[in-house]
Amino acid sequence: MTAMNDAARMIEALLFAAAEPLSQRDLSDRLPDGVDVDAELRALVAHYDGRGVQLVEVAERWRFVTAADLAFLMTRERVEPKRLSRAAHETLAIIAYHQPVTRAEIESIRGVQSSAGTLDVLLELEFIRMRGRRRTPGRPVTWGTTDHFLEHFGLVSLSDLPGVAEMKASGLLGLNLPPGFDVPDPSAAVVDEDPLDPADAPEFHLDFLGDRETGN
Amino acid sequence: MTAMNDAARMIEALLFAAAEPLSQRDLSDRLPDGVDVDAELRALVAHYDGRGVQLVEVAERWRFVTAADLAFLMTRERVEPKRLSRAAHETLAIIAYHQPVTRAEIESIRGVQSSAGTLDVLLELEFIRMRGRRRTPGRPVTWGTTDHFLEHFGLVSLSDLPGVAEMKASGLLGLNLPPGFDVPDPSAAVVDEDPLDPADAPEFHLDFLGDRETGN
Amino acid sequence: MNVQIQPTLDFEAAMVAAVEGEGLIVDLDGYEGPLHVLLDLARSQKVDLLKLSVTRLADQYLAFVREARRLHFSLAADYLVMAAWLAFLKSRLLLPKAERPTQEAEAPEVAASQLAFRLAKLDAMRRAAEALFGGSVLRRDVFPRGDPESVTVVSLTRIRGDVRELMAAYVQPRLRGTDHSYRPKPIESYRLDDAREHLKALIPGLTEWTPLSVVAPARRASGPTRASYVASTLSASLEMVREGGLELRQFAPLSEVYLRAAGVA
Chain A
1 MTAMNDAARM IEALLFAAAE PLSQRDLSDR LPDGVDVDAE LRALVAHYDG
51 RGVQLVEVAE RWRFVTAADL AFLMTRERVE PKRLSRAAHE TLAIIAYHQP
101 VTRAEIESIR GVQSSAGTLD VLLELEFIRM RGRRRTPGRP VTWGTTDHFL
151 EHFGLVSLSD LPGVAEMKAS GLLGLNLPPG FDVPDPSAAV VDEDPLDPAD
201 APEFHLDFLG DRETGN
Chain B
1 MTAMNDAARM IEALLFAAAE PLSQRDLSDR LPDGVDVDAE LRALVAHYDG
51 RGVQLVEVAE RWRFVTAADL AFLMTRERVE PKRLSRAAHE TLAIIAYHQP
101 VTRAEIESIR GVQSSAGTLD VLLELEFIRM RGRRRTPGRP VTWGTTDHFL
151 EHFGLVSLSD LPGVAEMKAS GLLGLNLPPG FDVPDPSAAV VDEDPLDPAD
201 APEFHLDFLG DRETGN
Chain C
1 MNVQIQPTLD FEAAMVAAVE GEGLIVDLDG YEGPLHVLLD LARSQKVDLL
51 KLSVTRLADQ YLAFVREARR LHFSLAADYL VMAAWLAFLK SRLLLPKAER
101 PTQEAEAPEV AASQLAFRLA KLDAMRRAAE ALFGGSVLRR DVFPRGDPES
151 VTVVSLTRIR GDVRELMAAY VQPRLRGTDH SYRPKPIESY RLDDAREHLK
201 ALIPGLTEWT PLSVVAPARR ASGPTRASYV ASTLSASLEM VREGGLELRQ
251 FAPLSEVYLR AAGVA
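Chains as they are written, first to last, in our numbering: chain A, 1 to 216; chain B, 1 to 216; chain C, 1 to 265.
Chain A with its partners taken away, still in its complex shape:
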């Protein structure tokens, strides 16, 4: 703990919370009468000297900035997306409900071609995994969700995914649904799928790229 007088605390808080640099005048307008703003600012500058944050004066206004020698920390690019893109969100939702589902099926439900990047993002986040191969010509790879997905969304099992009734109750679905609209039960048993065999794994990248080129 660093002992600190009230005036210095107030100045520190005001400068921290302000949306723009404040002049001595701004500060004294917002502080009780009799505060020696100038002296307090000098004391604060001295206090922050050598720390990760500095109190600086620019154009007669005061503001906190991070120490110049630490700028390298602030330029770090973010790798993971903070928010899933709409495409990723939709793709994830379709995989969750329709699994095991092939890429072509995802595209036909979304009505647009998926970019390979979307599945990559979901794979990297460990939300989806390859489940097996569909027993149809071409034996396309099928996708499903991971345990991490369940954990992340607070679901105990796939059967916990909300169904049509909840979609209606939450106003997402209107009352006049298109004929034949149903939501599959992702926890139902699957028949037309072969498990992945170990030899599939190295081919993964190939499948993936190949898919993109032949996708319609």
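No wet-lab data here; the hints were simulated from the structure.
Built from N, CA and C at the ideal position, the CB exists for glycine as well.
Heads up, none of these hints are tricks.
Coverage of chain B stretches by chain C, computed from C-beta distances (three or more under 8 angstroms per stretch; other residues unrestricted):
| id | segment |
| --- | --- |
| 1 | 66 to 76 |
| 2 | 88 to 95 |
| 3 | 130 to 136 |
| 4 | 152 to 158 |
Once you have looked at the hints, place chains B and C on chain A.
Coordinates of chains B and C only, in the frame set by chain A:
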């Protein structure tokens, strides 16, 4: 000048620069290997104790905020909160203390039917989220709070909710009359009720780590 | 009409009762339901809610409902149901106990403690809400950095896990798909110009009153509907009546329309 090691300076700078709270993992991802982030954070908390700016943990992340006793100075920064109805207050408290909880359970605690608007308001404020479904007939949707809720109310985690430990100990957070509950007349007949099944009890800490909400 | 339910008189009566200290101030708008009323009444007993006298609470509530009913004739059913249940519960609590507990209903003491438990719970939640909103609320009591660095450091580890959003993300493409497949067929209609040409060709032969249904062209295998042929022919004929080339008559509303060339004797 306050002597300070490099790791502490970096953490201070990162947290100062950040637009939102950072987790220990966020910090260690950006720091050189071998930094004891936890210890440095404790040291920083101690350093800022009593100052105008405080280092606090919210939703298991760290952020600097102004000291609460200086709120009176922040007239310009203050955002007048949306006036919430008493129904919304009670509903939010019930969800926070009983999560995961269904709408029917909320209604039974409040003794009145909730208007759909109440949950909508809380959803819009990003205080609550759907968590999953209860394993009971009809598989109703369950509700829980978000990280944004914790950040807004300055709570580290759900176990930090005011009075939660006492309420839990006294059985007040169960949905049924707890076994051995103090019945006014000791000569009363046997309680016609099954003991609480552990699986029925609200699960406070379940899947909290999985919840990564975006605060704005 | 009973003079007692006149609002002004009631208001006076309530005031008198309140001044005398025996009346309840009944403002139903302040309550969401019976449980909220009961909680306020229970708090006035100033005892641990779990040790509350349910018989006394029942009396207080019944008095409240009686008063409320006088003021709001259409008192909500749930208030009355609660009143009936409390009256029943009170009577059972006061009755001597049966030798053997009967099976058909739960012991009144249990029902009473259930009620006490519900009130204690609601009370706890109300206090919890007060504590939450009385704590360090962001941007009311504590303030984050007002001007984060231009290169903002953002948390890496936060991705929303919201089932509702997932659901919404699922519904959107599903409905979008159905929107795409819906292609209503444009309705083909018999053009007015064509109807006019058709009539012009027929006029010389229309020396007798001829029904519209006969004059209008027959429907073909594809193309406009019969209704469209009839409607367009009628429209075109009205125009030709105005121009003086044709006469129309109809004997009754909705009956057949007859056409004849103008100037036929």
